[in-house]
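Asker: Spelled out from the first residue to the last, the chains are:
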Amino acid sequence: MPAAPPPVPLEEQLEWLRAMHEIRSFEDECHRMFAQGLVRGSTHLCQGQEAVVVGACRALRDGDTMTCTYRGHGAVLAKGAPLDRSFGEILGKANGLCGGKGGSMHLTDVGVGALGSFAVIGGHLPIACGTAFASQYRGTDEVSLCFFGDGSTNIGAFHEAMNLAAIWRLPVIFVCENNLYGEYSPIAATTPIENLVDRADSYAMAKAQIDGNDAAVVHRTVLEAAGRARAGDGPTFIEALTYRHKGHSRSDPATYRPAGELEAWLERDPILLLERTLAEAGVAREQLDGLRAECEQRVADALARAKEWDAPAPEARLEDVYA
Amino acid sequence: MPAAPPPVPLEEQLEWLRAMHEIRSFEDECHRMFAQGLVRGSTHLCQGQEAVVVGACRALRDGDTMTCTYRGHGAVLAKGAPLDRSFGEILGKANGLCGGKGGSMHLTDVGVGALGSFAVIGGHLPIACGTAFASQYRGTDEVSLCFFGDGSTNIGAFHEAMNLAAIWRLPVIFVCENNLYGEYSPIAATTPIENLVDRADSYAMAKAQIDGNDAAVVHRTVLEAAGRARAGDGPTFIEALTYRHKGHSRSDPATYRPAGELEAWLERDPILLLERTLAEAGVAREQLDGLRAECEQRVADALARAKEWDAPAPEARLEDVYA
Amino acid sequence: MSETITYREAITRAMADEMESDDSVCLFGEDVGAAGGVFKATEGLYERFGARRVRDTPISEQAIIGTAIGAAAMGLRPLAEIMFADFAAVCFDGIANQLAKYRYMTGGQVSLPVTIRLANGAGSGFGAQHSQPVENWFLNHPGLKIVVPATPADAYALLRAAVRDPDPVLYFEHKSLFNVKGELRDSAPPAELGKAEIVRPGSAVTLVATQLMRHRAVEAADLLAAEDISVEVIDPRTLVPFDEATVFASVERTNRLVVAQEASAAGSWGATLVSRVVAERFESLDAPAAIVGGDEAPIAYAAPLEDLWLPSAERIADTVRRTVAY
Amino acid sequence: MSETITYREAITRAMADEMESDDSVCLFGEDVGAAGGVFKATEGLYERFGARRVRDTPISEQAIIGTAIGAAAMGLRPLAEIMFADFAAVCFDGIANQLAKYRYMTGGQVSLPVTIRLANGAGSGFGAQHSQPVENWFLNHPGLKIVVPATPADAYALLRAAVRDPDPVLYFEHKSLFNVKGELRDSAPPAELGKAEIVRPGSAVTLVATQLMRHRAVEAADLLAAEDISVEVIDPRTLVPFDEATVFASVERTNRLVVAQEASAAGSWGATLVSRVVAERFESLDAPAAIVGGDEAPIAYAAPLEDLWLPSAERIADTVRRTVAY
Ligand SMILES: Cc1ncc(C[n+]2csc(CCOP(=O)(O)OP(=O)(O)O)c2C)c(N)n1
Ligand SMILES: Cc1ncc(C[n+]2csc(CCOP(=O)(O)OP(=O)(O)O)c2C)c(N)n1
Ligand SMILES: [Mg+2]
Ligand SMILES: [Mg+2]
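Protein chains in written order, with the working numbering: chain U, 91 to 413; chain D, 91 to 413; chain R, 267 to 592; chain P, 267 to 592.
A few of these clues could be false.
Non-contacting residues of chain R with respect to chain U, defined by C-beta distances greater than 10 Å in every case (computed) [what the hints assert, rightly or not]:
| hint | residue |
| --- | --- |
| 1 | Glu458 |
| 2 | Gly460 |
| 3 | Ala515 |
| 4 | Ser550 |
If the Cβ cut is set under 7 Å, some of the chain U residues that face chain P in the computed set are [to be verified]:
| hint | residue |
| --- | --- |
| 5 | Gly189 |
| 6 | Gly192 |
| 7 | Val210 |
| 8 | Thr221 |
| 9 | Ala279 |
| 10 | Tyr346 |
Keep in mind that the hints were calculated from the coordinates and are not lab data.
Where a beta carbon is used, it is the ideal one built from N, C-alpha and C, also for glycine.
Extracted from the complex, chain U is given alone in its bound form (with noise of 0.2 Å):
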């Protein structure tokens, strides 16, 4: 590993906080929505992975793709996607991201970087190694960052994405999310080794197993694999150990967690352990109070102009099968 990088200015580590809080608070009232049944079908939320997404996306470029699951509402937000067309798209307004067509588990905003969220599994990984190829083959030094869950290395597409992205040495960064859980099922029901991590040895891929609660942390990882894939020598595969606050899905009160994880984690929380960092540097307890307050306003607002747009043409649904 290079020297450490010099430390991250307080205006830019209160710029994540802001992030954070904007994405814990779209998620909360995404699980209201639904808990309401105002929206059909279903969501995944990710309270509690804040750090991770907002980390590894404030180590990217304009220019850096980013790819990620139907678990993606913060990803794409951390990638600078708007709030309120993100409501949108969640609400299936006209207006929303995607205009209504991708929902919940496919937001994106092309024009941020924002390239997809895709919903089956392992779909989206040989897809970040496109784009990364792109880079790659125009000589251009963009990089490709891709999230993913600790269930989702046990699926083929996740294999062969490895693979590839190593012999080809492609500009991609691949971030698995270990939150613990692949649905109900905990990660060591699924998996034999404990550390994911260690399978970026079957492709002699750079590696790194951190603490996916701490914003530094994912934010310096990314930033040195980031620039190994500017550098031109390929891939890194970082395990980010974190956890997701609340259910799989909104159909799921998550009764199989045991008794005192979720409070451990809690005591973890990614936006208490950055706030505590921040107070610890002299930010003061009124202004993070106050960042908090203006992002949950500002969430609030975004969700009651959502909710004023209008649904989709009944003609949209024929359009943008085809160019």
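Based on these hints, arrange chains D, R and P with the ligands on the given structure of chain U.
Answerer: Chains D, R and P with the ligands only, in chain U's frame:
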């Protein structure tokens, strides 16, 4: 590793040599048939890899099952399929192993535990898990032996089958015949690690990398793996280093091989090695030569018989679609 | 005696009854064990039959299907769950190239009594990758049987039949029907695969539909009855084998055919049926055989768009009106 | 000026010409580089365009398709080779759930100019897992275009069109046609997708066929000409988009339709076409529209069985005779 098993009796090693001779000469006959255009389609020969299939299959018991690939003539013969009906299948005869419906890539003789030859890369690895699952489910101690190539370790099904076998502790023995090439590509061109056997670590699976041209080594290694499997200690991944003397398929002159590579491997021809061992153990040259001649004759006779058989009846093509 | 149960309960009960009567029946898939399945269709089976017979798998559909194939080749009767039917795409080789052809390629050396359960269809706001009517993906793959139940009674009897069938069966459970209630006779026997049901006799037109569309077809028939249009609604219940005789006989009486299906027309069972009726009962047709189906587009998320994509009872009725008026 | 070349050479030349004219066109697949491809269709491209633009991949079809999708989303025009079309099964999710729907799900935010080349069809003794006519697997997946050339000229013009097309195109190369020779005009332009060719005008019956069956349809037409049966042979050349207008117009003149296809009927493009003609030109049909296709069985290895499975010119002619005599 447990203490080395007692040395294999000479008679048994002579039987291995017989089996290897028969496979060699079977494949040489196939080579001629296809070269002469007597057969349509393609064929994938295994001259040079006989020690792997014979050593491995001789370590099995009745009731154990074996699955393999389109390069499966040797494996199926080693498991006990008759020479004439194997030729018959390749010739598309009604009396062929599969009634002429399978062909060179799908030789199958369920009666002897040769459960199938599969022609889509990776497709049979999960199936091998299934036969192993059946023994585990029934509480028998039968094992499932699965052959595949080096290039096949880059396809998704490999990853899924390895992971499932490990987490369920299935009695499977995965034998990767590393013959250095996948079609026309050297394994190093498509795979970022040198020792494929290390991929077992992604599944915390027992592993062994061995000389695939030494029948005794293969036999001993598979015997140990089978012992573990029968004892409920789960699967093993064996990488057998070997070499195919011919091209990938009928149409491949194998011009991509570096000068001298074939010659070097011919000096380690598994049949020569076993003959040398036996000679050193006191078996007379005459006996060895006699055995070879006798095998070649038996193969020639089997082919002659098979050539006489009838083609399948037209109606046969509509049978066996459903039970 | 009979009892009112849901489509979901009928599925669970069919599995329980088959597992009870035959130890070679085993069940595996993602979260089918203690969790009772994502659609709660396996609830209670783990508690009742234990970890040997009911197993959770990793997220590895290729491994799930391959394991079912290998186990079946050795004489077990695996019930494999693929959750959302759309995920059949990640194990398509296992189903289409291995499962469908293994018996044939070996000249009948193996039988493969595999049952694959898949949650099918649109109408629940799951978006383009979790809503497809997947049954059509497998029509051009001889060697597979395809079962598409619409009612609790059929779900029960057909699932038991699927498990007992010596061949591979794809059993589609429609997501929009899990909570539909219906009567189930006590000790109802397994059904026979390949027998259609005349859901509602009629004389003016033959309306063929499955799963969610069967229910909308009946709704449409009710609407049309008020207009004195007598519609014969037929549910084939299985697409392979397909009970052509029952449809042909009906068309001979009604001289008109409409197919209501969820999927778009290209490569669908509806288009196949129309081509068969035209080939075998050309003279019986007094009007163009019509297909009411989804648009030739993926399934959109927004409720109003998805609702428009799915044929409604009203759209079905319109097509029937046009066909009868022809 | 024109020149006689093989179907294989036409394919190679089309790729070369597109790569020459557009640096964003890249090619990858298994052994497509120095080895020139398993079917030798990429021979010389590696030498000419180098390792940056022509790449060998591991045996990882899911990675191949995904890479093509991601690269296309970023503006490249990837040519991905899947070798035997049957292997589309191992990357079916990439093609059917990702490639076909990605644009739609994102409300048109991405265009995916991906061309996937697949070696299709029976007739070469490759057995059940290497011989299927795979084009039908993708009919029920809106978002994909499907191209099925039968001649060197079409192979060339359609492949260039596929590469330039803004949408995903599945381009099927028939294994039994690689060595077929034909004329190619100098500087022939790319074709337009969705334009059928009237291969041979006729008045008594419309015979629609693609790829290997197109050639057998012409043979059949020759046989029948000797019997004074005038057959109009139409090759749609692309299945999606499908040039219905040309077929409809022909049926209006001939009042009879026969489809000759390699695949079995269930879920096929032939069945789909029949259902469309019945819906749109019912009154034009004076006889049952007929499909000549493969048996509802996997493809056997033994030459005599495979030859029987594939519709022969004689079998096609028989069906035409029956249809005309009706
Ligand atoms: C191929 C496939 N199989 C199954 C599913 C159903 N499914 C959705 S999320 C999920 C669990 C994924 O777990 P993980 O990868 O850990 O991601 P997390 O949900 O924890 O973020 C499963 C099995 C799917 N979407 N795709
Ligand atoms: C899914 C799939 N992709 C590609 C092929 C074409 N193919 C046949 S053999 C082969 C090479 C396999 O190499 P390896 O696994 O090393 O086995 P070997 O042939 O050397 O025994 C390939 C790519 C295939 N049969 N299936
Ligand atoms: Mg997880
Ligand atoms: Mg090899």
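Asker: All the hints need checking, so say for each whether the structure fits it.
Answerer: Okay, the hints, checked on the actual structure:
no.: 1; hint: Glu458; verdict: 35 Å, holds
no.: 2; hint: Gly460; verdict: 32 Å, holds
no.: 3; hint: Ala515; verdict: 37 Å, holds
no.: 4; hint: Ser550; verdict: 34 Å, holds
no.: 5; hint: Gly189; verdict: 3 Å, holds
no.: 6; hint: Gly192; verdict: 5 Å, holds
no.: 7; hint: Val210; verdict: 5 Å, holds
no.: 8; hint: Thr221; verdict: 4 Å, holds
no.: 9; hint: Ala279; verdict: 24 Å, violated
no.: 10; hint: Tyr346; verdict: 28 Å, violated
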